[in-house]
Amino acid sequence: MKKRKTDPDQLKIKQKKGTWLRFIKLFPKCHLPVLFLLVYIILDVSAVNIGVSETDYTAQLFAGDTSAALVTKLIGVILLNLFAGSLLVFVGAVTSARINRNMRNVLLDKVMRLPMSYFKNENPREAVYRIVQNAIVIDSTIMLFLIPVFTAGYTAFSVFQRVFTYDWRLSAIMLAFVPIQIFIAFIFGRLNFSVSERDADINAGLMEKLAEMVTNIPLAKAFAREKKEVERGSELTGRLYRLNIKSSWLDQFKNLSETVVSLIQSVILVIVGATLLQGEEITIRAWISFFMFSSVFNNAISDFMMYWNNIKIIQGGAARVAEIMDAPEEEKSGIACEMLQGDLELQHVRFGYEEEKPVLKDISCTFPDCGVTALLGVSGCGKTTLVNLLMRLYDPQEGTIAVGGNPVSEYALEEYRSHFAMVSQNGMLFSGTVKENVCYGNETVTDEEFENALKRVGAYEFVNAMPQGAMTQLEEYGNNLSGGQRQRLCVARALLSKAHYLILDEPSASMDAIATAELMKVFKELSKDHGIIIIAHTAAVLSLADRVIVIEDGTVSAEGKPEEAQKTNAFLKELAGRRTAE
Amino acid sequence: MNQKTQKGVWKRTLRLFTNIKIPWPLYILQVILGVVSTKVALLYVPYETSLKMGTLEDGVIPGYLFYMLLAVVMQIIASVPAFYASSIVTRNLQNKLISRSVHLPMKAFEKNASQLVSWITQDCSYADGLLTSIAGFLTGLVSVYMSMDTMSEIDTAMLYAVPVLLIYIIADTWLEGKFLFLRERRGRRASAELTAYLAEHLGFITQIKQQHSRKEEIRRGRQAIQRFYRADLYQAFLTLVVGVIGSSAISSFLTIFIFVMGVPKVNSGSITLDELVAFQSYILIVYESLSSLPGIYTSLMYSNGQLFYIANLMSEKEEVYSRSRSMDIPDADISFEHVSFSYEENEPVLRDVSFTIPKGKLTVVAGPNGSGKTTVFKLLERFYTPESGVIRFGGIEAEAIHLQEWRQSIAYVLQEPQLFNGTVRDNIAYGMDREVSDEEIVAAAKLACADEFIRELPEGLDFVIGENGSRLSAGQRQRLAIARAVMLDPAYLLLDEATCNMDVYSEKSVTKALLRLMEGRTTVMISHNMEMLAYADQVIVLNNGVLEAAGTRAEVEAKSKTLKQLIDADK
Chain A
1 MKKRKTDPDQ
11 LKIKQKKGTW
21 LRFIKLFPKC
31 HLPVLFLLVY
41 IILDVSAVNI
51 GVSETDYTAQ
61 LFAGDTSAAL
71 VTKLIGVILL
81 NLFAGSLLVF
91 VGAVTSARIN
101 RNMRNVLLDK
111 VMRLPMSYFK
121 NENPREAVYR
131 IVQNAIVIDS
141 TIMLFLIPVF
151 TAGYTAFSVF
161 QRVFTYDWRL
171 SAIMLAFVPI
181 QIFIAFIFGR
191 LNFSVSERDA
201 DINAGLMEKL
211 AEMVTNIPLA
221 KAFAREKKEV
231 ERGSELTGRL
241 YRLNIKSSWL
251 DQFKNLSETV
261 VSLIQSVILV
271 IVGATLLQGE
281 EITIRAWISF
291 FMFSSVFNNA
301 ISDFMMYWNN
311 IKIIQGGAAR
321 VAEIMDAPEE
331 EKSGIACEML
341 QGDLELQHVR
351 FGYEEEKPVL
361 KDISCTFPDC
371 GVTALLGVSG
381 CGKTTLVNLL
391 MRLYDPQEGT
401 IAVGGNPVSE
411 YALEEYRSHF
421 AMVSQNGMLF
431 SGTVKENVCY
441 GNETVTDEEF
451 ENALKRVGAY
461 EFVNAMPQGA
471 MTQLEEYGNN
481 LSGGQRQRLC
491 VARALLSKAH
501 YLILDEPSAS
511 MDAIATAELM
521 KVFKELSKDH
531 GIIIIAHTAA
541 VLSLADRVIV
551 IEDGTVSAEG
561 KPEEAQKTNA
571 FLKELAGRRT
581 AE
Chain B
1 MNQKTQKGVW
11 KRTLRLFTNI
21 KIPWPLYILQ
31 VILGVVSTKV
41 ALLYVPYETS
51 LKMGTLEDGV
61 IPGYLFYMLL
71 AVVMQIIASV
81 PAFYASSIVT
91 RNLQNKLISR
101 SVHLPMKAFE
111 KNASQLVSWI
121 TQDCSYADGL
131 LTSIAGFLTG
141 LVSVYMSMDT
151 MSEIDTAMLY
161 AVPVLLIYII
171 ADTWLEGKFL
181 FLRERRGRRA
191 SAELTAYLAE
201 HLGFITQIKQ
211 QHSRKEEIRR
221 GRQAIQRFYR
231 ADLYQAFLTL
241 VVGVIGSSAI
251 SSFLTIFIFV
261 MGVPKVNSGS
271 ITLDELVAFQ
281 SYILIVYESL
291 SSLPGIYTSL
301 MYSNGQLFYI
311 ANLMSEKEEV
321 YSRSRSMDIP
331 DADISFEHVS
341 FSYEENEPVL
351 RDVSFTIPKG
361 KLTVVAGPNG
371 SGKTTVFKLL
381 ERFYTPESGV
391 IRFGGIEAEA
401 IHLQEWRQSI
411 AYVLQEPQLF
421 NGTVRDNIAY
431 GMDREVSDEE
441 IVAAAKLACA
451 DEFIRELPEG
461 LDFVIGENGS
471 RLSAGQRQRL
481 AIARAVMLDP
491 AYLLLDEATC
501 NMDVYSEKSV
511 TKALLRLMEG
521 RTTVMISHNM
531 EMLAYADQVI
541 VLNNGVLEAA
551 GTRAEVEAKS
561 KTLKQLIDAD
571 K
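Chains as they are written, first to last, in my numbering: chain A, 1 to 582; chain B, 1 to 571.
The reader is advised that the hints may include incorrect statements.
[Said to hold, decoys possible] Lysine to aspartate or glutamate pairs mimicking EDC-like chemistry, simulated, CA-CA at most 16 Å apart: (1) K227(A) x D331(B); (2) K227(A) x E319(B); (3) K498(A) x E449(A); (4) K508(B) x E574(A); (5) K29(A) x E476(A); (6) K265(B) x E275(B); (7) K265(B) x D65(A); (8) K215(B) x E414(A); (9) K111(B) x E518(A); (10) K359(B) x E319(B); (11) K521(A) x D553(A); (12) K209(A) x D333(B); (13) K111(B) x E193(B); (14) K312(A) x D201(A); (15) K435(A) x E216(B); (16) K524(A) x E559(A); (17) K111(B) x D333(B); (18) K215(B) x E443(A); (19) K228(A) x D333(B); (20) K107(B) x E415(A); (21) K357(A) x D331(B); (22) K361(B) x D333(B); (23) K110(A) x E216(B); (24) K227(A) x E456(B); (25) K228(A) x E452(B); (26) K215(B) x E436(A); (27) K508(B) x E452(B); (28) K228(A) x E405(B); (29) K29(A) x E329(A); (30) K215(B) x E415(A); (31) K455(A) x E518(A); (32) K561(B) x E548(B); (33) K215(B) x E475(A); (34) K498(A) x E525(A); (35) K521(A) x D568(B).
[What the hints assert, rightly or not] Estimated spans, in silico, between C-beta atoms of each pair: (36) A172(A) x R222(B): 40 to 46 Å; (37) G432(A) x E347(B): 17 to 23 Å; (38) A68(A) x R15(B): 44 to 50 Å; (39) A211(A) x D568(B): 43 to 49 Å; (40) G432(A) x S354(B): 35 to 41 Å.
If you're looking for bench data, these hints aren't it; they were derived computationally from the structure.
None of the values given here were measured: they were computed from a predicted structure.
Glycine is no exception: its CB is placed at the ideal position from the N, C-alpha and C atoms.
Okay, chain A solo, but in the shape it has when bound (with noise of 0.2 Å):
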């Protein structure tokens, strides 16, 4: 019986080693610059020993071997250890740009790919800081761990064959004291480690605050806060000013005990050193080049043990890292769609972003192939989430949802997606000129069909009058233009997608009347041969629309004609209500 219990700490370990194993398994995916690194390692084992043969000609010299041969070739040597030297560090930065550009890419096709549901648990502008900071990771563990550790113990062990060649003695005292150095070394990574993992935590939180705070100012302005700001603003920077010194202070201390280590060592190497020196047992020249030679064999184990800590400041990276590439994909394969039609009817469908708080109850509708549906309900009733079930962009918990005679989830997913185009409340535009923004996914538009999609929906004139049209380019998310005119080029963009059904989610919320009425009168001419869904929450589509169906309580509380809905349903009364009161 007692076999079966799992011990805590294990399963701890076991989750720890996983998180390794993981990520190892990653580096095959991350399309690593192999020639690149070959090259780098050949050039790192080279200035290792042509740093081992500078020492070795410095200490003949100072030996008193002041030919002019060995002058010739110490200089020789040292210009070339200056030229590998400075080689080294170019190839190792090129290697580094070429791994995190390939690493940056491979974690923006998976961001890409990820379904939506991945993103209810974080944040997708979370993903920005991944995909900027913590692809290089990959670059860290490769190039700040794997070869400088390589590199330490590659030249430790030279310089140990070097001494050993000297004297047996000397080399057994340079190897006494790696257990104690790596012993201490451990002892103080694993006390930086703790503190420093926790203050980094500290640090970001404290960051993290700090943005929102600046993003926050222009609200700060209109409600004349600007001294409030300010001091929450110094409180903030003064509790990051106090994190910075005590870890300063841990430093020191790391130094101090680092130093006293380092002194007793060369305590013991002078002491024993220079007793067998008196003894004549080693000669002058062995003594100049085992002391030069022992200063290199400490800093490499020192060396050693710093990379091999770094290994504790990669690791946070590695797992989120690992975390975010081992994130199943969204399903892609399935059947083909190259054209969709029919109505997409939904079968007892429940949902929820929460497992226990359904939004989405019991839908039961069809939206038809072709005609404009209107989609109603109060604000938060399901509306939108409906909607993303249609596109899939997340499963329903329970129920199906079939088009064309076929569940939804059976088709393949791209395609099937390439057949919905959505305007949302909050229209999708960016950095880049008018043109890229309304052209955006479609990159076969031609100018004649641009322009008819801004007539369409009214966008033409006021495009034209910027100062460089089509050309002029929109500043972040188009502020630099009013809701509608934004919504307006949404609109048009859904217009040169081809897709067969059109989704809009409140088009007039920021529209005025005049502008709403010109769309829908588009609206309604598209609907002879598309499916539109207008998702509204009040009357003005309901004079447009073939089909209503109204969203209450998770379920659908009425669907049919409007005129028909109208008169049983107490929400559309209501709404009914609004406009003839007018």
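Assemble the complex: chain A is given as a structure, and chain B must be docked to it using the hints.
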């Protein structure tokens, strides 16, 4: 970059330091401790040389160990004022920059908004580099003098290496400085660009999926990543050049020089081998001290690259908050007199607009999109100032009234409400100078028809609403913003499509609530909902930046074609 602007950049960067408080005593301490460290290093050399060469006379080993320990201890002690100074300068600059950004006029803020975060959170920490290098310069001068004094005891001829070394270092520093400046600036720019690009695009992940534009996004994303990669390559190349000719090469050249000059002297017997070895150690100390001299130049260049944008921002003018008059006067009519305004040159948004907003009344501003309605509001908030014409408050020019008081007396409810990632309570109480009780918050929420949904939230008033209120629906966000305005109890209300994102139930009750709130207050409202005209005391119609009509509803309806169109379309 031409000479002139470069000078301007320097001046601006230097002026950064006059703006912030600097812990001078800590920098002076750095100099003193630096000099002491050099002295210890010089005293250490003879012992080290003897030991290295195997000349083990009495006292060599203890002396060697003693000075070695002392050198390390000095190094640690010297670093304490350095990290204190650096942290203090960073903090002070951050505070200054925050205060500056908060007080910037809207125009300047919007220009810099997307990169401000990385300047404050990251780049500020580079500011103390320059100050540290000034301290290093003084330390270096004293140290060079002390070392040369010691070296002259061995050989004076080889001392000629020092001036040559200095010239080389200066030339090299100048060149490296140029490279570093370019490298840093390009690096920062590339990094900031990539972050901004990804932040903008990945924020739209839902829409990207909805528009099945994944491939397009990946293509563009890859382009941005590639640009960053090129900046990295450029940096790598500069590093190579600097490596071959730069500072890391100097110590190699120096060693070669010593051997070439010194070995013949040893062979001829004018100096001993021990002295040559000691000389090499000394000259490395000199080199270290010398290289800190032009460090001032390097770090100026270096911090220039990093602080360039911060310095630019600092040189932007702040909004002038304190004006000649207090708003401590009875409410009055606000009038626009021949006001014109444009965001971009030659693209007027408002053209010679004149009207009066009567106090205590409701004015509805109507007009198609892009007619300048929201701009009128921004001018009323005094985020911008008119290019020509004046806005008057009673008889006084608005520009003469203290800005803070002006904005405090106005509540602005926007089309897309601005909320911050905090609790419901904090968002409603935002803008209040005093502590606010829960009862008051609930009362405000009730008036804005927000209390019901707040009660249903898992943590009620303590519910954290997410970045920009992302955990709430559009209607809920708007009601929260209205509750915030209710809380302020302002004399003037600006409502920009305040009810446009609400469903029929909420809109009805919010309209009711707003009408209650408007009572006795001066309200200006932009609305697409033409039924609001029924409540209006005055209607202003704007079309394409020009005032088409102003007056009572009946008057305006008779005159304005645009209004008629708007009313017809809304039916």
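We went through each hint and held it up to the structure:
1. K227(A) x D331(B): Violated, at roughly 25 Å.
2. K227(A) x E319(B): Holds, at roughly 13 Å.
3. K498(A) x E449(A): holds (11 Å)
4. K508(B) x E574(A): holds (10 Å)
5. K29(A) x E476(A): violated (33 Å)
6. K265(B) x E275(B): holds (11 Å)
7. K265(B) x D65(A): holds (14 Å)
8. K215(B) x E414(A): holds (10 Å)
9. K111(B) x E518(A): Violated - the C-alpha atoms of E518(A) and K111(B) are around 35 Å apart, more than 16 Å.
10. K359(B) x E319(B): violated (27 Å)
11. K521(A) x D553(A): Not satisfied, since the Cα-Cα distance of roughly 32 Å exceeds 16 Å.
12. K209(A) x D333(B): This hinted pair is violated, its Cα atoms lying about 40 Å apart.
13. K111(B) x E193(B): Answer holds: K111(B) to E193(B) is near 14 Å, not above 16 Å.
14. K312(A) x D201(A): holds (14 Å)
15. K435(A) x E216(B): holds (15 Å)
16. K524(A) x E559(A): violated (19 Å)
17. K111(B) x D333(B): Violated, because 33 Å separates the two Cα atoms, which is more than 16 Å.
18. K215(B) x E443(A): Answer holds: K215(B) to E443(A) is near 11 Å, not above 16 Å.
19. K228(A) x D333(B): violated (30 Å)
20. K107(B) x E415(A): violated (44 Å)
21. K357(A) x D331(B): At roughly 50 Å apart (the allowed maximum being 16 Å), D331(B) and K357(A) break the hint.
22. K361(B) x D333(B): holds (10 Å)
23. K110(A) x E216(B): Within the cut-off at roughly 14 Å; holds.
24. K227(A) x E456(B): The given pair, whose Cα atoms are some 34 Å apart, is violated under the 16 Å limit.
25. K228(A) x E452(B): violated (30 Å)
26. K215(B) x E436(A): holds (15 Å)
27. K508(B) x E452(B): holds (15 Å)
28. K228(A) x E405(B): Distance of about 15 Å is within 16 Å: holds.
29. K29(A) x E329(A): Holds, because 15 Å separates the two Cα atoms, which is no more than 16 Å.
30. K215(B) x E415(A): Holds, at about 12 Å.
31. K455(A) x E518(A): Holds, at roughly 11 Å.
32. K561(B) x E548(B): holds (9 Å)
33. K215(B) x E475(A): Not OK: K215(B) and E475(A) at ~23 Å, beyond 16 Å, violated.
34. K498(A) x E525(A): holds (15 Å)
35. K521(A) x D568(B): holds (15 Å)
36. A172(A) x R222(B): 40 to 46 Å: violated (56 Å)
37. G432(A) x E347(B): 17 to 23 Å: holds (20 Å)
38. A68(A) x R15(B): 44 to 50 Å: Check failed, 58 Å falls outside 44 to 50 Å.
39. A211(A) x D568(B): 43 to 49 Å: holds (47 Å)
40. G432(A) x S354(B): 35 to 41 Å: holds (38 Å)
Hint compliance for this structure: hints 1, 5, 9, 10, 11, 12, 16, 17, 19, 20, 21, 24, 25, 33, 36, 38 are broken, all remaining hints hold.
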